[in-house]
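Protein chains: 4
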Amino acid sequence: MQYVEEMLTSVTRQVLPTEIDAPSLRQAIAACLECQVICQMSADACANEADGTQLTRCLRLSLDCADLCVAVVRLLSRSGNTDVTALRALLEACASSCSACALECRKHAEQYEHCEICAQACEACARACQAELETRLEGPSA
Amino acid sequence: MQYVEEMLTSVTRQVLPTEIDAPSLRQAIAACLECQVICQMSADACANEADGTQLTRCLRLSLDCADLCVAVVRLLSRSGNTDVTALRALLEACASSCSACALECRKHAEQYEHCEICAQACEACARACQAELETRLEGPSA
Amino acid sequence: MQYVEEMLTSVTRQVLPTEIDAPSLRQAIAACLECQVICQMSADACANEADGTQLTRCLRLSLDCADLCVAVVRLLSRSGNTDVTALRALLEACASSCSACALECRKHAEQYEHCEICAQACEACARACQAELETRLEGPSA
Amino acid sequence: MQYVEEMLTSVTRQVLPTEIDAPSLRQAIAACLECQVICQMSADACANEADGTQLTRCLRLSLDCADLCVAVVRLLSRSGNTDVTALRALLEACASSCSACALECRKHAEQYEHCEICAQACEACARACQAELETRLEGPSA
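Quick mapping for you: the protein sequence lines, in order, are chains A, B, C and D.
Numbered according to this note's numbering, the first sequence spans residues 2 to 143.
Numbered according to this note's numbering, the second sequence spans residues 2 to 143.
Numbered according to this note's numbering, the third sequence spans residues 2 to 143.
Numbered according to this note's numbering, the fourth sequence spans residues 2 to 143.
Accuracy of the hints is not assured; some may be wrong.
With beta-carbon atoms standing in for the labels, derived distance ranges [claimed, not checked]: (1) C:ALA23 x D:VAL85: 51 to 59 angstroms; (2) D:GLN15 x A:ARG128: 53 to 61 angstroms; (3) A:ALA51 x D:GLU6: 24 to 32 angstroms; (4) B:ASP52 x D:LYS108: 36 to 44 angstroms.
Listed next, the stretches of chain A that the computed footprint assigns to chain C, with coverage defined by at least 3 CB atoms under 8 angstroms from CB atoms of chain C [to be verified]: (5) 21 to 33; (6) 57 to 71.
Please keep in mind that the hints were generated in silico from the structure rather than gathered at the bench.
Glycine included, C-beta positions come from ideal geometry on N, C-alpha and C.
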């Protein structure tokens, strides 16, 4: 993620409001990007299992989680004028979805390696969303 | 949206939990699909204006709104096992983003027709998300 | 899709290059929006079937198709400066994916109503992408 | 991207067809993930410039490129049953869009640091898509 580092340094100087916490932002973007693709791959691996029925809930929660991660990355990449209420609610949605997905994945983690990896990525992403949420206080949006 | 009607009728019988309110779901999906594309087109029209600087905030809020609408459609299309806390927070995020975008668009609506149309689509979508939110009570997810 | 009509009329006058065929564009956007949500719902219904293994390929092709439809809507909503080579290749990708998904859905359409509906939406979308493709000739992009 | 490494190793053993080239796949996924967020941030920085009109084309091409990168990541994360014709066309679309965006960004790179970074990320992504394309030969899909 070399370019993301450079870009964040560049936009932090020129585009972002001064109250943005750049390290937290970088961490949240990186965690959501990774969780997005891990959840998509894990959902696909769930679909591929012969004994698929026990993984239906896992597959669905993974797809939801991936879609929320995509949305978080998109909103965080436009931090200058975001509606703070919407961003906070989205970060809460993503953190909750990551936790729900991790919880479900843990049930199958001994049997399926992809569920174990997905649980770890989701837990890391839930923490990063929560940390980012704590830097975005309610108030008049920019 | 003929196929959406048919599909919702079909999955309501076979896939969705009985507590799902099908008319509200249909309304929310239709409103978010339309708002998604309207916001993307309006953002593009904002970018195209020679006097772009006064539309920067409008452009950004429209892109945020479009991305949240895409996410809502995706989660609503998998209503069987969604994490209710995440879905509710996402619907709140989308309703707030729609309202913020509509408010900003209204400021430019006399000058720019695309802002007027975007404001209307966002207001309709905010109402549909709010209505759907009221049908999804907190509780143990399916 | 009342707002889409109004917006297309508005941007056709002010934003879009004169060579854009507005009825074909409207048709392609509407078909892709509908196919996007139908494929997402059909994939979810596939995941929900107890006898899921025979629907694994159907589920995956539906998710691919939905993602390509989302991308087509996004690029078509910014028709002013699109790289024509990229747009043409994406329309070809979407048309091919819709056809592949429809073909697979047809195999299960007698047993599963959601597969029948998905096949119809995919076939309509493949035609709309193909028609739009024929209006976008290679050449120097705007 | 530690989890992506682990997941790819895991699914390469269990889910992916043997003809998949895992290093190329990993490279393409990583490049598209990074390019997705770089293009979104660069588009936002373009929108933020006071002298926005000269960046309109740059902003639009960046948004197109981001959307194609998102689609590539999604399809590549489901490599088991993808329609090869669609995947190849999408990779071509993404490579072309990345090249067009890089070319435009280069015009503004001396003046705007975010355009320089975006050009580099797009060029790297175009190469990764092209390399992945060369591993996916036409033929009967899995």
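Going down the list of hints, with the structure as the test:
no. : hint                                   : in the structure
1   : C:ALA23 x D:VAL85: 51 to 59 angstroms  : violated (34 angstroms)
2   : D:GLN15 x A:ARG128: 53 to 61 angstroms : violated (28 angstroms)
3   : A:ALA51 x D:GLU6: 24 to 32 angstroms   : holds (26 angstroms)
4   : B:ASP52 x D:LYS108: 36 to 44 angstroms : violated (22 angstroms)
5   : 21 to 33                               : violated (count 0)
6   : 57 to 71                               : holds (count 4)
Going down the numbered hints, you'll see the structure goes against 1, 2, 4 and 5, while the others check out.
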